[in-house]
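There are 4 protein chains.
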Amino acid sequence: MTTDEQFETGRKTLKAQPFSQLIGAELTAFDYGHVTLVIPIRDALLQQNGFVHGGVLSYAADNALTFVGGSVLGPNVLTSEYKINYLKPSIGDRLIARGSVLHVGKRQAVCRCDVYAISEGKAETLCAAAQGTIVTFEPTSSQRS
Amino acid sequence: MTTDEQFETGRKTLKAQPFSQLIGAELTAFDYGHVTLVIPIRDALLQQNGFVHGGVLSYAADNALTFVGGSVLGPNVLTSEYKINYLKPSIGDRLIARGSVLHVGKRQAVCRCDVYAISEGKAETLCAAAQGTIVTFEPTSSQRS
Amino acid sequence: MTTDEQFETGRKTLKAQPFSQLIGAELTAFDYGHVTLVIPIRDALLQQNGFVHGGVLSYAADNALTFVGGSVLGPNVLTSEYKINYLKPSIGDRLIARGSVLHVGKRQAVCRCDVYAISEGKAETLCAAAQGTIVTFEPTSSQRS
Amino acid sequence: MTTDEQFETGRKTLKAQPFSQLIGAELTAFDYGHVTLVIPIRDALLQQNGFVHGGVLSYAADNALTFVGGSVLGPNVLTSEYKINYLKPSIGDRLIARGSVLHVGKRQAVCRCDVYAISEGKAETLCAAAQGTIVTFEPTSSQRS
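Residue numbers (my numbering), protein chains in the order written: chain A, 1 to 145; chain B, 1 to 145; chain C, 1 to 145; chain D, 1 to 145.
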């Protein structure tokens with residue numbers, strides 16, 4: 001596949017996830033070992049104090065990790081585990097989740113993801129940092145492990 | 001506060017989170033050190049293979065951890081960090097996230113959360129397991145740390 | 001293998017780890033899904049304030065996780081990843097690390113470990129809690145993944 | 001304090017940890033937000049297959065995280081929690097653990113640590129990656145939280 005075809009495949013996968021549509025996530029970069037997800041911030045994604053809910057940051061990290069793992073392992077991947085540290089309250093126009101790969105093996109990749117919040121014309125703020133394991137699965141299997 | 005008042009306060013907090021309303025989460029138990037969140041499974045919460053999206057499981061774990069931390073530390077708490085392992089694909093009628101407390105200090109609690117999927121009349125399946133840190137914050141502060 | 005033979009195999013594996021000998025770890029229970037490691041506390045295992053060094057607690061958690069994973073997956077296993085929360089300073093006569101299994105798949109097990117400190121005749125104190133993934137490897141392979 | 005004085009203080013702290021002496025760790029860099037620990041690999045640090053024991057990698061990550069947290073928060077710090085992914089078997093002459101800081105707050109810092117193995121004249125191999133939280137404590141307190 002060419003880079004453009006890969007990107008198109010990634011976008012189709014994201015569109016095929018009803019929950020990603022509910023969140024409103026968009027794939028804006030999908031290269032070997034580097035992936036960017038963008039989530040426009042809207043009221044429905046907030047918690048009680050007006051910040052983006054941690055669950056949205058977790059979704060962003062989880063999905064960017066899965067996609068960046070898929071960029072090096074192929075399409076049949078899922079996130080096995082990850083940890084996330086919340087660093088700052090998230091406010092602004094949109095979230096940007098950047099996934100990268102630390103190590104690729106035959107059946108798994110260990111990846112990191114940093115999640116930023118940004119307002120128009122302002123600098124990005126690092127809001128959360130994650131690290132996790134993405135594993136391949138057999139497409140006919142109905143089990144995670 | 002009585003137990004009933006605590007439970008009512010917990011439910012109000014959950015209702016005040018727009019993202020929890022988008023997800024459709026309900027608080028069904030809120031005792032000192034033990035909290036249960038229930039999420040009815042519907043199409044909008046799935047990924048491309050028909051399972052509940054990992055981001056929903058992460059939301060459930062994150063929020064159950066925050067609430068169970070709040071049950072022992074008071075209302076001004078947030079999740080500082082957690083890790084989650086996905087164990088099985090989640091299918092069924094609803095998710096049940098049970099949070100419990102391992103250790104309470106002055107300013108933080110370390111908690112665990114197990115997330116189950118269940119179909120009417122069937123046994124629960126453990127789908128994800130999480131562990132994390134909940135910290136207190138000053139209500140006037142606009143910063144997480 | 002009988003339970004006694006399994007226990008003997010576990011003890012031999014621990015004895016074959018030079019670092020476990022340096023630490024002074026002993027395997028005191030090795031059942032399917034439940035393992036106990038004991039580490040007598042001595043001056044060489046402390047940090048600058050007289051508590052057991054976090055690295056010793058991490059070793060205990062890491063190794064109990066590997067062994068309990070091995071109790072359900074077989075001898076060719078290694079810890080892929082884990083997270084640990086330190087809960088209380090560790091003082092006393094010995095550390096007790098108890099590993100248990102949350103979920104077993106074909107190629108991996110997700111496990112938890114709680115590490116306690118104890119002094120003669122006193123109650124145990126929970127000092128650290130861990131959760132991680134143990135994976136099988138091909139015995140002829142020289143690579144972790 | 002000058003940079004040289006800070007480095008000297010860091011080295012003294014490491015020397016005051018009996019377990020770090022048992023491991024044989026050396027502090028080779030201690031700057032604001034960046035710390036390097038080196039551990040010469042010797043037989044006593046191995047597991048049964050001739051690789052460095054995971055517990056040594058965990059010690060290296062844990063301690064580099066604590067020290068790099070201390071480089072930005074001051075000397076009264078401890079590691080609250082961390083997660084580690086093991087990436088490759090560790091063989092060679094020495095381990096190099098490099099800690100860096102993602103975010104500093106008033107009472108905590110979130111940090112990462114990458115652990116490499118190296119043989120004389122060869123390229124470094126990334127063997128483990130960690131992320132965790134370092135917190136300040138009151139020097140008179142005898143409790144972690």
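A few of these clues could be false.
Remember, identical chains collapse to one label, so a pair may be satisfied in a single copy or spanning two.
Computed list of lysine-lysine pairs in DSS-like fashion (alpha-carbon distance at most 30 Å, straight line) [to be verified]:
(1) K88 to K122
(2) K15 to K88
(3) K88 to K106
(4) K122 to K106
Just so you know, the hints here were simulated from the structure itself, not pulled from any lab data.
Cross-check of the supplied hints:
In this assembly of identical chains, K88 and K122 lie within 30 Å of each other by CA distance solely inside one copy; the values are 16 Å within and 40 Å between copies. Both within a single protomer and between protomers do K15 and K88 lie at most 30 Å apart by alpha-carbon distance, with minima of 29 Å and 23 Å respectively. In this homomeric assembly, K88 and K106 come within 30 Å of each other (Cα to Cα) only across copies, at 12 Å, whereas the closest approach inside a single copy is 35 Å. In this homomeric assembly, K122 and K106 come within 30 Å of each other (Cα to Cα) only across copies, at 24 Å, whereas the closest approach inside a single copy is 41 Å.
In this structure, every one of the numbered hints holds.
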